[in-house]
Amino acid sequence: MSNLFIRLANWTATAGCAILVVLVFFGRDMSRWNFDAAKMQTFKILFLSIILEALPFLLIGVLVSALLQSFVSDKLIRKLTPKHPVAGVLFGSLLGIILPLCECGMIPIVRRLIRKGLPAYIGMIYIVAGPIINPIVFGATFAAFRTHKELAYSRFYLAFCVSVALGFILYFFMKKDPLKPERQEKPPHEHEHHHPHAHDHVHHGHSRSSGIVKRLADTPAHAAEEFFDMGKYLILGSLITALLQTLVSRSSFAAVADHELSSHLFMMGFAYALSLCSTSDAFVASSFNNMFPPAALLTFLVFGPMLDLKNTLMMLAVFRKKFVLKFSLLIALLVLTGSILFDHMGII
Amino acid sequence: MNNRHVVMSVHYLARALLLGCFAFFIVHLVRTEHLNLYIAGRMQLIVKLSALAMYAIAAQQLYASFRNWSDGGVHDSSCDCGHEMPATWGRSLLLYGWFALPLLIGFTVPDGLLGSDLATAKGVQFAPQQLVKPLESTVAADLLFPSDAFTEVYAEYGKQLVKRPIVQVTDKRFIETLTTLDLYRTAFIGKTITLSGFVYREGSMESRQFAVGRFAISCCSADASPYGIMAKFDKANTLETDDWVAVTGTLGLASYNGIEIIQIDVSNAVKIEPPKEPYVSPDLDFGME
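Chains V and Y, in that order, give the protein sequences. Per the numbering used here, the first sequence starts with residue 1, numbered consecutively. Per the numbering used here, the second sequence starts with residue 1001, numbered consecutively.
The shape of chain V in the complex, shown without the other chains:
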């Protein structure tokens, strides 16, 4: 990891540029963008509400990850995961039905699982499919699209198709471990000892009860480490999202809604910038009902949970940069093609 400060400066600059590009693109006059007291309050409410809403899920994520670290052996994980790629892909796509988590909680868990021997492609499809293909999101989507049942169904079909396709692509083409190498800046001796140490506990298990007590006592410590690890990206994502929502006016979108491709691309960018939780994005999408064609809304509903600003930043904390980039482009391409196909085949 290079200097954290440089990276932070980098992000801030990127965010600034992104906002400027949006401004220029929509040609809004700058006088309306002054940050008065009303805007500051709106910004505060949005910024903190995203953090507050994500906190419980992040905490569940880091706690489950910490419990996995302390209590589940690598052997058990390997025994439980399917060996055949078809079974593996299906397992990853549908895991959300039994483990319904949102993406903030998922990333630390998946990192832990991959370190413990879960094939990386399964972990990655879970990150992509899990936030959509789960019972809570089913409920929310149908509530929001009561009058548009095909759109609600299409969301799940398309999410499933995309994640299955992604799974096979990753299975055949992903050669390297997508995880960042474990912390080079760390004094090497501690890192080296970590895994053998964990194995010692599992295999030799001194006195069993003291082992459990110690491992339970370790859980909040692991959780705190992961919280500070992931939390910084959550805060950055929330900050940019809140700024965009406060400053960029929705009426400036109308121009792009008319063209097929631009409406899709726009909805993707919009979903990416908003970084909404998948349980609530359906309600936001339904408020666009009159402005955008249903296929573009489908793109929004499938792309947003799979990839957004908040979770890209969190992924960058865990996965290699190049991998995140390729993975993101692949998702964008698959969702776009899928959504346009669904539209032309008349499924929506």
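Keep in mind the hints are simulated off the structure, nothing from the lab. Where hints are given, some of them may not hold.
Unchecked claim - Derived Cβ-Cβ restraints for the label pairs, each shown as a range: (1) V:Leu80 - Y:Phe1024: 37 to 45 Å; (2) V:Pro181 - Y:Leu1101: 43 to 51 Å; (3) V:Ser262 - Y:Gly1041: 33 to 41 Å; (4) Y:Thr1108 - V:Val86: 49 to 57 Å.
Said to hold, decoys possible - Reference listing, derived: stretches of chain V covered by chain Y, where coverage requires no fewer than 3 residues with Cβ under 8 Å from a Cβ of chain Y: (5) 218 to 226; (6) 242 to 248.
Said to hold, decoys possible - Here are some chain V residues pointing at chain Y (derived, C-beta under 10 Å): (7) Ala54; (8) Gly211; (9) Ile212; (10) Leu276.
Being a predicted model, the structure only gives us computed values, none of them experimental. Cβ coordinates follow ideal geometry from the N, Cα and C atoms, glycine included.
Using the hints provided, position chain Y relative to the given structure of chain V.
The following block gives chain Y in isolation, referenced to the frame of chain V:
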């Protein structure tokens, strides 16, 4: 390094403080009842629980800090899981400062209500989900309320509403009621409607027109969408934008930006205090009973 345990102790202390402050911030919002401004009712429980979890983790970090301080780090076993504290003071300050930023904003900037400012940015829809055109000039209820499988619940709700002398747009069913009024407008024209919300105006409205709006949130205020109904009032100029009002009037139609929308001809408007729960939420039980 000799004083490594002191450094670690300070790190744990900083983390304990930050976690404690996050938890305290949530408790503070619950006490002042301002949590309503941030989080939808049905999500509030887990946010409160996360405050508890953070207190617990903070307590553990405080203990780790104390132990590092007093034992010289002999028992420092918590760091065997691939994590590392920031290497320099500068980086540490940056990291903890970054976590302190939302807390700083949280405690210093006063809480305000979401209002016209955000509604303008997000755009108010005056004609939500207009999909079923009611048949005209019929008397039988089923003809007035035509439906398919997915508008059936609105049709059923409409049949109940139309029997009432006054249609109250309640907070609980704000969106559902407005959608029903809009879908089955022919059945409701001339009926008396009451509702409350904030006054919203945009450029293309007449001087006597304003909208009575509410923000709908389903999880947190980042997913807030403004909903509103057009209102026409002779004394509209006595109402400031963003004032909260309770209005009574009869339902009619108006043409707005080339679309025919429903509009309330207001007979009476009273300024009110903003409610403790300013947002409305989609009613997930709607049509399930």
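Distance restraint hint 43 to 51 Å, applied to the beta-carbon atoms of proline 181 of chain V and leucine 1101 of chain Y:
30 Å Cβ-Cβ, so the 43 to 51 Å window is violated.
Identify whether the interface hint at alanine 54 of chain V stands, where standing means a beta carbon of chain Y within less than 10 Å of its own.
holds, 9 Å
Does the nearest C-beta of chain Y fall within a distance shorter than 10 Å of the C-beta of isoleucine 212 of chain V?
Status violated, d = 15 Å.
Can the hint on glycine 211 of chain V be confirmed by a CB-to-CB distance to chain Y that is less than 10 Å?
Not OK, violated: glycine 211 of chain V not within 10 Å of chain Y, min 13 Å.
Claimed coverage, the region 242 to 248 of chain V by chain Y - three or more beta carbons nearer than 8 Å
holds (count 5)
Within the region 218 to 226 of chain V, is the number of residues with a Cβ closer than 8 Å to a Cβ of chain Y three or more?
holds (count 8)
Holds or violated: 49 to 57 Å for the Cβ distance of threonine 1108 of chain Y and valine 86 of chain V?
Between threonine 1108 of chain Y and valine 86 of chain V, where Cβ atoms are some 55 Å apart, the hint holds.
Min Cβ distance, leucine 276 of chain V to chain Y: is it shorter than 10 Å?
holds, 5 Å
Look at the Cβ atoms of serine 262 of chain V and glycine 1041 of chain Y and judge whether their distance stays inside 33 to 41 Å.
holds, 38 Å
Note whether the CB distance of leucine 80 of chain V and phenylalanine 1024 of chain Y lies within 37 to 45 Å or breaks it.
Cβ of leucine 80 of chain V to Cβ of phenylalanine 1024 of chain Y: about 40 Å, so the range 37 to 45 Å holds.
The structure does not agree with the numbered hints 2, 8, 9 stated previously, though it agrees with the rest.
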